[in-house]
Amino acid sequence: MKKGDWFLIGGVLLLAGAALIWMQAAKTGGSQVVIRIDGRVTKTYDLMEDRTAVLEGIDGGHNTLVIQDGKAFFSEADCPDLLCVHQGEVSYDGQTIVCLPNRVVAEIQGGDAFVDEVAH
Amino acid sequence: MKERKVALYGLLTALAFVLSYIEAQIPVFFAIPGMKLGLTNLVVLFALYRMGSLDALLMNIVRMILVAATFGNLFSLAYSLAGGILSWLTMSLLKRSGKFSMVGVSVAGGVAHNMGQILMAILVLETGKLIYYLPVLLVSGLAAGVVVGILGGELVKRIRM
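Heads up: the protein sequence lines correspond to chains A and B, in order.
Its first residue numbered 1, the first sequence is counted upward by one per residue in this note's numbering.
Its first residue numbered 121, the second sequence is counted upward by one per residue in this note's numbering.
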């Protein structure tokens with residue numbers, strides 16, 4: 001190992017730490033789940049209302065979204081890697097669950113800043 | 121010498137191809153898109169040190185096209201190209217600078233790979249919020265990079281050609 005290696009490793013850890021602290025500081029509770037399929041907003045659900053919805057992604061893929069106790073998660077999906085299911089619950093503003101194969105994104109958003117998107 | 125090089129190209133491309141497949145079979149430890157163990161980067165790293173910068177790039181691009189044609193699609197190709205090319209560029213530059221050992225070069229490659237993939241995902245899915253994965257991707261790229269760098273160093277040292 002050379003000196004440059006340690007600087008590099010230190011730099012990456014520092015950057016990760018700074019990003020983490022910044023994100024924790026900016027964390028606020030969300031109020032809505034916005035569903036995007038292939039980049040387009042298709043549905044918006046209230047995070048405070050318990051429900052289960054089957055989302056249809058591209059190429060006939062499906063993801064099952066569950067909203068429970070102010071949190072959202074994917075309970076089932078027919079994509080091969082199931083990354084979205086393993087990702088668990090999201091509830092804070094800006095948190096997302098992504099299913100790359102079906103190109104489905106569930107994003108938590110806060111209350112007011114969200115108005116411009118609903119307007120579409 | 122030319123035949124030898126052709127054979128080595130084929131061998132390394134096939135090895136990287138198989139490693140991509142194995143990597144896809146390993147259960148995901150942390151469920152984040154863009155995250156990779158980086159097994160294939162071991163082959164790229166080896167090619168980078170033993171063959172040359174452009175050879176490593178060419179081999180990796182052939183590998184990515186093969187993987188996409190066999191197991192993926194155009195979109196998965198876009199993700200791997202973004203990660204693979206950014207990672208290769210970073211590693212070549214750092215190697216050329218002479219200030220880093222293989223561990224440093226591999227760490228930078230691992231981090232750059234994850235950054236490239238998440239940037240491509242942001243472009244494709246049109247949501248900048250994926251930047252929230254940044255800390256996890258940085259640290260996982262670092263960890264994978266250290267392991268691959270140490271293994272790569274041993275390989276280059278032990279394999280005589």
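FYI, nobody ran anything at the bench for these hints, they're computed from the structure.
Even for Gly, the Cβ is constructed at its ideal location relative to N, Cα and C.
Wrong hints could be hidden among the right ones.
As the list claims (entries may be wrong) - Between beta-carbon pairs, the in silico distance windows are:
id	chain 1	residue 1	chain 2	residue 2	range
1	A	G10	B	I146	22 to 32 Å
2	A	K43	B	I242	15 to 25 Å
3	B	A189	A	T42	27 to 37 Å
4	B	T190	A	G60	39 to 49 Å
5	A	I21	B	K125	41 to 51 Å
6	B	K125	A	K43	53 to 63 Å
7	B	A189	A	I58	25 to 35 Å
8	B	F195	A	T64	16 to 26 Å
9	B	L174	A	G17	33 to 43 Å
- Task: Hint says 25 to 35 Å; check whether the CB-CB distance for A189 (chain B) and I58 (chain A) agrees.
- Result: violated (19 Å)
- Item | Status of the given 27 to 37 Å range, CB of T42 (chain A) versus CB of A189 (chain B) | Check passed, 30 Å falls within 27 to 37 Å.
- Task: For K43 (chain A) and I242 (chain B), compare the CB-CB distance with the range 15 to 25 Å and indicate the outcome.
- Result: Cβ of K43 (chain A) to Cβ of I242 (chain B): about 21 Å, so the range 15 to 25 Å holds.
- Item | Range hint 33 to 43 Å (beta carbons of L174 (chain B) and G17 (chain A)) holds or violated | With Cβ atoms ~36 Å apart, the hint holds.
- Task: Check the following: the C-beta atoms of I21 (chain A) and K125 (chain B) are separated by a distance inside 41 to 51 Å.
- Result: holds (49 Å)
- Is it true that the C-beta distance of F195 (chain B) to T64 (chain A) lies inside 16 to 26 Å, as the hint says? About 22 Å separates the Cβ atoms of F195 (chain B) and T64 (chain A), which means 16 to 26 Å holds.
- Query: Okay, T190 (chain B) versus G60 (chain A) on CB: inside 39 to 49 Å?
  - Reply: violated (21 Å)
- Message: Looking only at beta-carbon atoms, does the pair K125 (chain B), K43 (chain A) fall within the given range of 53 to 63 Å?
- Response: holds (55 Å)
- Query: Is it true that the C-beta distance of G10 (chain A) to I146 (chain B) lies inside 22 to 32 Å, as the hint says?
  - Reply: holds (29 Å)
In the structure shown, a violation is registered for the earlier hints numbered 4 and 7, in ascending order.
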